[in-house]
Every structure is written in structure tokens, then in C-alpha cells.
Amino acid sequence: MSGGYTGKIARVNLTTKTVSTIETAKYEEFGGGHGMGSAIFFDLVGDQLPFEAFDPRNLVIMMASPFSGTFMPGSGRCEVQGLGPGLYPVEWFGHSNFGGRFTSQLKFAGWDGIVVEGASDKPVWINIADDKIKIEDANGIWGMDTYDAQQEISRRVMPQMRYGEWAELANSCFTTQIPAVVCCGPAGENLSRIAALLHGPGSQAALCGFGAVFGSKKLKAISAIGTGGVPIADPKAFMDARLWFRQFQWDVDNPREPEKFAGRGYSLINGAPSGGNVSNGSLPLVPARAAACASCPRGCRMRLASADSNESVCAGSMFARIGGGGFGAPGGGGASAMPAILSGKLTRQGNDLMHRYGLGHWQLMATQGYIQFLERAGVFGKGKEIDPDLPPSGTFAYYEALMRKLSLREGKFGQLAGEAAARMADKLGRYKEDVNSGNVRLTYWGTQEHYSSQVEVEWGFGSLLGERDLMLHQMANYPLHWMAASGAPYLTAEEASKLYAEAMIPYNDDRYLVDYGEGPTGVYSDSKVKQVAWVKHYEKFWVGAGGFCGWRWPQCITNNTADRRGATPQAEPRFWNAVTGKKGTFADYMELGHKIYTLDRAIWVLQGRHRNMEVFPDYVYDKPAGGGSELPMVVDGAWKYDGGRGRKLDRDKVEDFKTRFYKFEGYNSENGFPTRATLEKMNLKKVADLLQSKSKLG
Amino acid sequence: MPGGKKAESEEVAAKKKFSRRDFIVTGGAIAAVDALIATTPAKAAIPSPAKGTALPESKGYLIYDGKKCAGCTTCMLSCSLTHYGVQSLSLSRIQIIQDSFGKFPTDIKMAPCRQCKTPPCVENCPVGAAYVDTKNGNIRRIDSKKCIGCRTCLAMCPQQPHRTVWNHVEGKSSKCDLCVDTPHWNEKGGPGGKQACVESCPMKAIKFVAQMPDQTETDGYDVNLRNDYWLNLGLVESSTIIPPAMAAQAKAKKPAPKPKE
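Protein chains in written order, with our numbering: chain A, 701 to 1398; chain B, 724 to 984.
None of these hints come from the bench; they were simulated from the model.
Quick caveat, the model's predicted, so the values are computed rather than measured.
We put the CB at the ideal spot given by N, CA and C, even for glycine.
Just so you know, not all the hints are guaranteed correct.
[Unchecked claim] On the chain B side, residues computed to face chain A include the following (Cβ under 7 Å):
{"no.": "1", "residue": "L812"}
{"no.": "2", "residue": "I820"}
{"no.": "3", "residue": "F827"}
Make the full structure from the sequences, and use the hints.
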């Protein structure tokens, strides 16, 4: 087995309470992470599809990558896969991932991943300490919030541990590290489809509802701690690559053009430390450090002297906005006249409460917004069948009551709203009306619209042709949208689009990959087909199989180099080859991404996916786009940044785009199913055979 | 390394007489070390200097900023990679210990070797495996070929965690050598060279210095390596501190004073 792998994947059956091993080598052709997870899912249960997410046959697959446990910048996220109860109308084979240091410890313990199957008859947790794996009784832990549960499990794993000292794990193997625990909270235990998995205080696998899959298996947590190492095929090349990569980082002591990029307007996108936490940006500042996931040179998080909002970023640090807190401008007036220092504090604690309950911030945000819409519409309220009976919004009491009711499924309201927005709308008989009108923007598979589907189309198409919100800011959103939206872009639209196109191998001969206009090279064009394909392939291999952070990769442009060129596409294969010893090119690995995407698509087809389902809600075609997006576009023959305000997508053109996309990817354009020729070319003959046996071959 | 060929052969003899098991340190107690010192010919088994003997000071030290570290552990992984060719936190000679749920600044503890003025690891090594490398800037090092794995140096290091590190793969002790011996790196290490942790730290929270840090304070190695660019990220160590950029912003927003009549 080549470098980067430990050589084995744990397979834990909670029904039989047995542990076995899968040889990693069997799946090496899929790279790691998402690729291996998809292949394992197909092999173990593909022929049994379709079945439901809470069926004990469902798997929770948590995979590391060859980069996990190494210092590959911005890698090491844990890819979680399985049928996602939070997705709609079908609980698609979905994925979510989280940062922190779980996969590092998993690798140091000697495992490339863990596959959990079956369901326990009583609450349990899984204890991984080096090569020993035990299924432990969760008595006294089941029912705990995620913070208490993680800390209690750490104590149970290493009772001999004294913080700040060495502890012997076993057989003269020592560590100073605290076990890495991932767990569900009360929301997951009570099968709320909003439930996330939590690792540390702020790392969430927030999408798909995997916390509820843990709950359905009566699995509270998985803990990993290891004292081993990750073999590196070419250590010298890997070290050289890591030091070469410094040119793409924010120089903390001497940043490039600080007058332009050091301001808060750029804080999310400039690559500087700590910018991800938006709840501690106003005076007086709470003392804090920048905090990083394992291996990340940016450190977008914070840990505070008050220990609230530790390691939380973006929506995880500002969903609950109490007294006007969040976004670096807490309170200081408004209706509550709450002092800024207090609103900031309560805002951070409110978001911590969300993490403690184990609620996924992104779907909680959509569900809360829909609840408030239904209250305004008179569907919910006093005297109605469903009365949320919540304190005034914007208060801590409001968020506490909302989160408790959704997590514990209290009353009719908790039972209904804990199903998350899409199924809540469905059960109320309002799904079509409210989603098509845009009253609730559940634009793709029950997950809410993140950026304008009419303008920032690679995000919309990429989500629609996937299984949930794409959630990959660094593809085009941060570098292009937010750079332009800052009001002081460091590249013109023409310059930015040129650098992007040059980086996007193998389609780099196309100058118009990031043209977001409505002209012949714009959002319906063959150039856009290629961009969306590139996004899906990058998502599946580098982000999925490589464990990359969607806030860090790809990096087609950056404010941190003189020529504004980013690390993509040089960095990815340079690091991958140094770790694994392989000799692939960027294009080779992108084709592997194509293969993994095709395998995912085959699994969705086995669940019932058809191109007829891959349609946007009506509002995308009928209602004009608002503001917000600033992207490069060719307008009247010239590149410019524009918001595309007022744009509606054209149904026929979108359908034509899809037809060309399916053909481009090697799928049948009538139904979107992968063809035998495509699958066999990818060495996926067994997938073609199964699809054919189910009359689903394209 | 003190001692020549003759001394080494005598040490081999001593090793034969006292196996590693005889020196295993458990529960903070050192079994059999005293016995060794009492019974082994001085020249053979105690090449280390007598306690209290002044040793030449190291010509290099790692200082660090515990408030600047982000806990990415890149330094640890660089250390194990360049020395052993693998990435492992347990083999790293610099340790970063952190509690995600903890409060800044005690949520992180940085623990590199201090290259002590009077190094207990060197003074107490029963076989001279821990030594002062006079050829390489007087760095305090451990010769893994000579180490018998008795773990005396782990027990005698007064720091928490102890900066001598147990290499469970080899069954030997190890410690920071300021990258003198990094077979898996293309750069030259040691004083005058580069250190993997310093070079790779993205927060520039570790620095090599030639001058011995303050030995009278327990945190003499933990210094402030932050400048105004760091403060302008909004990362302060006291709520009373106003980052210069925010102060300038507030000043700009302040309404102009009314002209005097």
C-alpha cells in the first residue's frame, strides 16, 4: 500500500456488536475519503436500495484521506456518508464533513476510516484507542449535550490523562493529546432531521441529518486516539512542498498590502487567521486566539477567554443573534437597548447552545425562518393547531425554547418542526405552494438556497445535480463574489476570469468558464457545462477524497501572491504524489473525481433519481433575482462585475443545459442515468450490471 | 560526544551488565539507576558530567508565543517528518497540547525543549546517551545508538510535559536537536541552519534565538511575538487593548469638534 494510508478500515456492526476489518487496498483506486466511502456503500448495501435512512441497514461511513494526520494545508476533514434523513423528497445517499482533528487521531490510531452498520438495542459509543476498538455502554452519556458527552468520554477513555502531561495509552505508547470525539446531541437521539454531528465545541457535520442516523442506531459517539504515524512516500518532497506553500498563506507578521486586505470586509476571504468567527469583532474585544483545525495554516476560528463560540465559524457563530449580536456588530441599541458587550456574549452562548443540542446550523436556520413565516401567515400561533409558543424573537429565551422543542420534540410543534423545514411543509400540505413561491427557499433537496441560483449558477447547478447544498465557498464564491462585493476587488473581472480559466485543468483552453452573464458564453453555455463538471469533479476528488476544506480549496486566485495566482492546480498533485508516491497529474485526479461523481449518481439512480426530479422550484424561473452576487460577466462583449439583479432563469434553457451536461459526463440525456460505456470505461462494470438488473442503466 | 572508542566499548560492556529492564522508570521512581552509578566503573557508565559541573551553553534556543499558536500542530508533524520520515504527534519532539473547550490562553500549551543551561537529561543519563554536542553548538542531544531505553531522562526532565520524548517505535528516548539530524529534509539544521518547526509554523509562533532566554522565570521562553498586524485581526490578550486599526477607525468616525467662537 502506498504512503498516506494506514491500510485498514474498521467495520463495526452494532446489531451483532462485532468489529471487523476492511483492507484499504481494496479501495485504493478511489483515493480516500468520499471516494472510498461511496465504493464501500455500493459494495455493502447498493443491491438492497432503496431503503430508509433510519433502517438499520443504513451505514454511517466516516472516512479519512491520505492527507489526514499530515500537515497538508487545509485538509483532514472527516467525510461522513450514508442515507441522509435531512434530504428531501428522497433520503439521498448524502455527505457532510467536519473539521477539527478527528481524522488525524483516527489515522494515528491506525485506521483509514470507520464503517458503522446495524443498530444497537441500547445506547453505546465506540472507543478507538490505537488498534483496539470497543463498543462501550453509553449509560450516563446518552441524554447528555454534545459538550458534556465529549468531555465525559475523554475522561472514560483516558482516566490517567492529566492535561498538559504525557499519558500512556498502552504498551509504552504515549500521547499528550486529548481523545477526539464526535457525537450526536439530544436532537440526534430524538431523531430530529436537523441533527448534526459535533466534534469539539464548533465542528459540525451539519448537512443531511447524520446526527439522527447516530440516534437511530443508538450510537452516541465515536472516540479516537492514537499514538502511531502516517507513512509518507517521499518525506523530503512533502516537506519542500509544505514550505513552498507558504507563499500562498497570509503572512501574519508582514501581510501583503494590509491596507487593502486587512480590514473586516475581507476577513472571511483574505486567508488571515480568525476571520471565520463573526461574533467577536466589536469593542471591547474578548481576548482570543486564532484556532486551527489540524494542519490548517489559516486558523479561521477563535478560542476565547470566555470559552464561548470556541471553534465556531460563520453560521455556527451567528445563527442566534441576541440583542443584535453577531457579524461583528453586537447589539448596542435597537429595541432591546442591550449593551454590545452583553449581546455579543449572549449571541455566542446562544450558538453554543445550538451546538450542545446537536442541531445543524444551516438547516436550523432554514427551519426557523419557515416557522417565522408560518407564524406571520397565521398558520402557527395562539388558538391554532400548532402553537410554537415561543418567547419574543431575538432573545436568549427564544432560542433556548426553539432549540429545546426541536431537539426534544416537545409537543405537536416539536414533533413537526423537528422534521426540518421540507417535511414540515410537506406534512402541512404546503410544500409546493411555499417552495415554488420562494416563501421558503428549499431550492435543492430540502436544503436551503445559499446563493442566488439565477446568478451564481455553478452553486445552484452543482447542488441540483448533487444531493444537497454544494457548500463549497472557495470554488467561486469567496474569491469572486465576495472579492467583488467588497467594493475593492484586487483583480478586474477580465483578469480574474483569465486566471480562473488557466487554473481549471483540463478545461483550461476555455476562456469563459466563469462567465456568469446571460450571453452566448454565459450561464447556459458549454463553458458553464464545463465549469459545473469541474466543480463536481473537484468536489468529489480533492474535497471529498482528499478531505479538503471548502473554505480553503480550490485556490485559483489569491490576494496573497504578487501575481494573484493561487496554488491550484500546482499544489494538489504535488502534495498528493509526495504523500502517496503516485505520479498522477491534476487532470488524472480530476478524472477520478468524475468517476466518484458517476458512482454517487448511480447510487442516487438506484434510489429513484431521474432527470425529471432535477428541477429548480418555480421562483427561480418566475421571480427576479435580488442583489447580493457580484460576479464576472461578459456584457456587450466586455468583462465586468455585475450582480445580475432582476434575472430569472429560462426553463427551456436550463433543460437544454442539463441535456448537454449529462452528455458531457457520459450519462443518458433522457433520464440522467450513467451509461454502460461510461461505467465500464471507469472500471465500474459491476455498477453497470446492477443498474441494468434494476432497469436503470442509461 | 564525551568518551572515545575505548569508552564506547566499556559502555557496551556496561549495557550488557545492565539491561534496559534494569532501568525502567515507573511511577516517577527510577529503579536501579542508583545501583548502576554505585556499581559501574565510572569511566564506562557515567560519561555524563558530574552534577553541578558547568556545561557549555547551547548556542541555540526555541522561544515561542503561546498566545499566537493556533494549534494546527504543523510544527509537530514537521518535526516527526524531518527526523523520521513519518508524521506522528507522539514522535514529535515539540508538543502542542490543547483543549478545544478550554479558555484562552490556557487552552494551549506549547512545549519545546528548553536546551537547559543545566540539563537534567544530560546530567542523569546513566550511559552518556544524553550529551552536549560540542560540534554542533553545544546542543543537548540524545544518541539513540547509545540509549538503553531506561527512561531516566524522561523522569528527570523537570518540565511538564517532559521535553524528552519516548520513541515507542525504537524503544529509545529522543529530544529536540534543533534539526541537526534531519535525514528527511533538504535543509541544513542546527544553530546557523534552519529548524523545521520554525520554518513551517504558519503563525510564526516559534523563533530560533542564539541568546539564552531568561532562566529565572518559568515562562522565559514564552514571549510576545505578535505585532500590530496581529492585533488588527482582533486578537487581543486583554479587553482593554484596542487594535490600532479599530482605534483609527473610531477616531475617523468621531465628529469634528465645533470651531471655537
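### Given hint F827 (chain B) near chain A, where the shortest CB pair must fall under 7 Å
Status holds, d = 5 Å.
#### Entry: Satisfaction of the I820 (chain B) interface hint, Cβ to chain A closer than 7 Å
holds (5 Å)
### Task
Using Cβ atoms only, decide whether L812 (chain B) comes closer than 7 Å to chain A, and label the hint accordingly.
This interface hint holds because 6 Å falls under the 7 Å limit.
Hint check: no violations occur; every hint is consistent with the structure.
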